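Number of protein chains: 4
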Amino acid sequence: MNVGIIGFGYWGTNLVRNFANLPGANLKTVVDKRPERGKFLTTLCRTAAFSTEPDDVINDPEIDAVVIATPVFTHFDLAYRSLNNGKHVLVEKPMASNISEALILVELAQKTGKILMVDHTYLYTGAVQKMKTLIEAGHIGNITYFDSTRINLGLFQPDVNVLWDLATHDISILNFLIQESPVSVQATGISHTNNGIENIAYLTINYGTGFMAHFNCSWSSPVKIRMMLIGGDKKMIVFNDLEPTEKVKVYDTGYNHKTDEDKKNILVDYRAGDIYIPKLDTREALTNMAADFRDAILNGTQPVSNDISGLKVLKILEASQQSIKNKGIEVEIRH
Amino acid sequence: MNVGIIGFGYWGTNLVRNFANLPGANLKTVVDKRPERGKFLTTLCRTAAFSTEPDDVINDPEIDAVVIATPVFTHFDLAYRSLNNGKHVLVEKPMASNISEALILVELAQKTGKILMVDHTYLYTGAVQKMKTLIEAGHIGNITYFDSTRINLGLFQPDVNVLWDLATHDISILNFLIQESPVSVQATGISHTNNGIENIAYLTINYGTGFMAHFNCSWSSPVKIRMMLIGGDKKMIVFNDLEPTEKVKVYDTGYNHKTDEDKKNILVDYRAGDIYIPKLDTREALTNMAADFRDAILNGTQPVSNDISGLKVLKILEASQQSIKNKGIEVEIRH
Amino acid sequence: MNVGIIGFGYWGTNLVRNFANLPGANLKTVVDKRPERGKFLTTLCRTAAFSTEPDDVINDPEIDAVVIATPVFTHFDLAYRSLNNGKHVLVEKPMASNISEALILVELAQKTGKILMVDHTYLYTGAVQKMKTLIEAGHIGNITYFDSTRINLGLFQPDVNVLWDLATHDISILNFLIQESPVSVQATGISHTNNGIENIAYLTINYGTGFMAHFNCSWSSPVKIRMMLIGGDKKMIVFNDLEPTEKVKVYDTGYNHKTDEDKKNILVDYRAGDIYIPKLDTREALTNMAADFRDAILNGTQPVSNDISGLKVLKILEASQQSIKNKGIEVEIRH
Amino acid sequence: MNVGIIGFGYWGTNLVRNFANLPGANLKTVVDKRPERGKFLTTLCRTAAFSTEPDDVINDPEIDAVVIATPVFTHFDLAYRSLNNGKHVLVEKPMASNISEALILVELAQKTGKILMVDHTYLYTGAVQKMKTLIEAGHIGNITYFDSTRINLGLFQPDVNVLWDLATHDISILNFLIQESPVSVQATGISHTNNGIENIAYLTINYGTGFMAHFNCSWSSPVKIRMMLIGGDKKMIVFNDLEPTEKVKVYDTGYNHKTDEDKKNILVDYRAGDIYIPKLDTREALTNMAADFRDAILNGTQPVSNDISGLKVLKILEASQQSIKNKGIEVEIRH
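Protein chains in written order, with the numbering used here: chain A, 1 to 335; chain B, 1 to 335; chain C, 1 to 335; chain D, 1 to 335.
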């Protein structure tokens, strides 16, 4: 299986390092517009060719899989032509600039029978994998809420607001862990610059059932917080990504509630039990992701972070954009 | 100055303890419906009389000031009759069950020239006082955002949702620290019981200027968080009420931003400097509050937590209630 | 069972409150030299008599058990006379001013067949009880080290150094958890006052086996730390008494080591597994202690914090005193 | 100024990276016994030559300065021959296997007038530099104690105990910050392996004045702690090296004490004031160290981490070794 990588910037470097060392894969060509990156490539992988021309990957009949790590506005064109040429495609998030483009790519992948995968790396971390296992095994019970805070002094992005930059990660995790389909979103935010791009924003995702998700994102907090609460009717999870080793804490905590006959008084019965901090797999998430892409191609398995999951994240982000620009009105998610 | 206290439950006990020891005040009568509380009163104050009848306070011509710590639905009647009888009144929050009642009380206090004070105790803590001082001295600069999280495993209230229970504190602090008037609110939330009372809720308060406030409140979190971020264009404050001594941290952190001529690129220039943790006054907040009530009566000063500030909190809570029951629509704050 | 309490100061107040509410016991008399304490007694217990004269307890034939919470130099005399009059005795730590006195009391208790108990309250906390259970069940394995840090800005005691004040607690816990007998101690310290009483001190307790205990105590630290590490060859415990609920953490962490044939190279094989934070009993420790005293008297059980355990703590403190005054020389523990 | 580096392992790699980018220096030759390291060198520095032979550096007349990052037992021979050939020398800590060897090197450096520097990298961190500045400016007052804890699950070293491995860092910091000369040491420890090398150890350093230093080092702690307390009679410092940004906290905390006329009662008057967390220089410490070496050579300045400071650390470690092997007896430091 021959791999070509288009885009050799900050994240592309991590991709090159991982695909260069991936058993069962051969990194054949790396493309970047800047010729001086060619020299740097040799320090990471002596066998890969370097080119400044994406077509040297897209049109190479020996290349089976294309990895795209270029600016967002180029994703559609590069992914479309790669799929069209019969390549499998792994594209950085977001998979395209809007849903229309994303839908075309998803359909093309189905038509050609090729893998289209979106790099939501978080899904391959030991922490998220462990939470998935706990939830699937029923240990948490019915999930009743999801609350995420991702704030710090962050780089102001010039083209997308803080939800597209930060909530993307948390929405992909939410979708991975929870099976329910969102019904609508509401988002509010504020821009402290005069380009109108929000640097602080809050997002609520509504569901048809007794479940709700909320996201607090900021580029303007003096303290860094990466915390996610996942409440279940059996147990609750706190995921603190800043803890070096104790990232996932499982609380044997919950409450039962009864209503008396008049339906007036709620009797809530709390339970606070042991806490359990599972050991997590510490392999690099990107290594797991590259292996998932390889296995999907070679064995026909469904990758964890596939085109449908990438599309679902996009739908929520687009709806939140519409809400935030219309004073927080409720915007439905189209399925 | 003779004081009568109506309501001798959990919070009433703290009020009795403080007024019994307040220089310049004499606790004359304490009222509670339960006769057995009379015996307990003697352990806190041997000179105060006990009665089960509110009128023994309201109609006592020797009593100058009435403190009301009874269930919310009784506030209006007791406060109204006390003011009408020429007493000064300190009432527990919220001052009344709705804005109409609160407005009547505010007007009556103005007509009779008596003090009407609402017990927002937080305003009298060393932490909030210090933040007020820092902001007023201009150290923080223009305030650009306010973000509060108040979550824990909390008692489910049978009659009001989690915003009325928890956000009340944070809204009173917000109003105390920030001079701007809110324009509208949006609130979302979820109820995990079948009485429809939200145990998790999120509130955004919008302002006409480049400022926004957000509140995250929950009775259903396995971890307890009491954290407030206040961003200014000079410095930022983190108020962590769970820290035993280092509650208020002032970050010499901020950013300047310039837009280039095309208004397309934002250049944000971060600054991260020293952090300063001021020593806080550790006197009991309730002692300060009682003294403020006394001084207002004896010296005619304006109390920090007065009827107008109590009314403003109510207006926000009522609007948030309307929003949360209408799927988060924007609800304007009437002034 | 009638109880008399001698000494009604800070700690005595807690004792009165607990014995006044202890099922199966009747608090008959409370003694304090200060007559004005009599009035305060009525707020805690309306049925107990007050006296300024210890003999009103010691010589009262109706009193079965005497609780002594007076200054250390009076412990011996009061306890001796109480035991001699056929009373059971609970005495505050340390049980006497020196080992000679303590030995006389221990012998007298044996002769009279009465309970002599020392109030090491820590042994009755949920945290220490849980650690005892874990160790006894073999979950921790062989204990290989014990390391305790107890530092803060503390009151300088006028008569005893910081080890007598603070390490006392940790030594009583150590002796409760570990069965081995100490062989010798070494202590170093420094006095920042001119009375020569150390406000910072370090103590090592040596054992005949592969086990060692170390204590770091200070009245002069700007930060407060209450942390104990207990290493076992199966698991390790971290006891952080400042955590509000997560006080005891059990680490499934350890190492195996092999030596190669030359005995030159050690191959250490680390294991880092799950972490477990058990729910702790949150009953007040003093309530458990009072019940243990009552049960020992009524049922003839051996109290957890008995005279022998009190004596063992004294022996270590006396030896550490000798070491610290002799530049840290090794001082043997007499058994 | 031409530089040669001998030893291209883990730390040598950091040295190569820094000297390759050091303005005013030219990295001419890098030596490592393993020929395969030559290929890796080209990824870090394309202009440096590679050799497996130390003499290619030591005997190269064009090389002015030699950096030695080889196993400890080779330090003396390589440093001696380099100095003898008229080179400046930077050697990894410890500078030699024992004091006799170290003294020979110090004397040789003095005779040849060349720089002999020991790489105590910690002295070049922003945190230690800031503490030095604060102490020298008199902000802390007279230093009254130094207490360091450096524990974690660490690699068991096959040849030196945990003090040589971990306390080395803290002793070099202590000596850098404090001007007083140590008088004696006492050390205790325990070995959980059968090679007798202590994996847990405690060290007290005594001074002639009212100052004492204590070190707690362990390879066997389930939690990682890197904490240093420095008490002064004006302020106190807490240095927590695990904090990502708030490493150094300065407490405006202290106490005054008076003795009454009988010299019996100590009246300690505590003061707890503001806390200040200074922003630290975040440049890589090793970059500062390399620049200090260069400046010492080119400008004749005295390097911060010089041969005398390296020798002083060795003296304390050797004395602690003697104490720990003799049951913690007091061992004097020779000056």
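Quick caveat, the hints were computed from the structure, so don't treat them as lab data.
Keep in mind it's a predicted model, so treat the numbers as computed, not measured.
All residues carry an ideal CB built from backbone N, CA and C; glycine is no exception.
One thing to keep in mind: the hints can contain errors.
Capping the alpha-carbon separation at 27 Å, the derived lysine-lysine pairs in DSSO-like fashion look like this [said to hold, decoys possible]:
hint: 1; chain 1: A; residue 1: K234; chain 2: A; residue 2: K93
hint: 2; chain 1: B; residue 1: K325; chain 2: A; residue 2: K325
hint: 3; chain 1: D; residue 1: K39; chain 2: B; residue 2: K279
hint: 4; chain 1: C; residue 1: K39; chain 2: B; residue 2: K39
hint: 5; chain 1: A; residue 1: K325; chain 2: A; residue 2: K315
Over the 10 Å line for every Cβ pair with chain A, so calculated as not near, a few chain D residues [stated by the list, open to error]:
hint: 6; residue: T42
hint: 7; residue: T43
hint: 8; residue: D56
hint: 9; residue: K93
hint: 10; residue: I99
hint: 11; residue: D159
hint: 12; residue: S184
hint: 13; residue: D233
hint: 14; residue: N288
hint: 15; residue: D295
hint: 16; residue: N299
hint: 17; residue: T301
hint: 18; residue: K312
hint: 19; residue: Q321
hint: 20; residue: I333
Over 12 Å on every C-beta distance to chain A, these chain D residues come out as not near it, computed from the model [claimed, not checked]:
hint: 21; residue: L44
hint: 22; residue: F50
hint: 23; residue: A109
hint: 24; residue: T245
Against the structure, the hints:
1. K234(A) - K93(A): violated (34 Å)
2. K325(B) - K325(A): Holds, at roughly 22 Å.
3. K39(D) - K279(B): At roughly 58 Å apart (the allowed maximum being 27 Å), K279(B) and K39(D) break the hint.
4. K39(C) - K39(B): Given pair K39(C), K39(B) holds - Cα atoms ~15 Å apart, limit 27 Å.
5. K325(A) - K315(A): With Cα atoms ~16 Å apart, K325(A) and K315(A) stay inside 27 Å; holds.
6. T42: violated (8 Å)
7. T43: violated (4 Å)
8. D56: holds (24 Å)
9. K93: holds (26 Å)
10. I99: holds (38 Å)
11. D159: holds (29 Å)
12. S184: The claim stands: S184(D) keeps its Cβ more than 10 Å from every Cβ of chain A (closest is about 38 Å).
13. D233: Answer for D233(D): holds, closest chain A Cβ roughly 33 Å.
14. N288: holds (25 Å)
15. D295: At about 31 Å from chain A, D295(D) clears the 10 Å cut-off, so the statement holds.
16. N299: holds (35 Å)
17. T301: holds (36 Å)
18. K312: holds (34 Å)
19. Q321: Given a closest Cβ separation of 33 Å, the condition holds.
20. I333: holds (37 Å)
21. L44: Label violated. Min Cβ-Cβ 8 Å, cutoff 12 Å.
22. F50: holds (15 Å)
23. A109: holds (37 Å)
24. T245: violated (9 Å)
Hint compliance for this structure: hints 1, 3, 6, 7, 21 and 24 are broken, all remaining hints hold.
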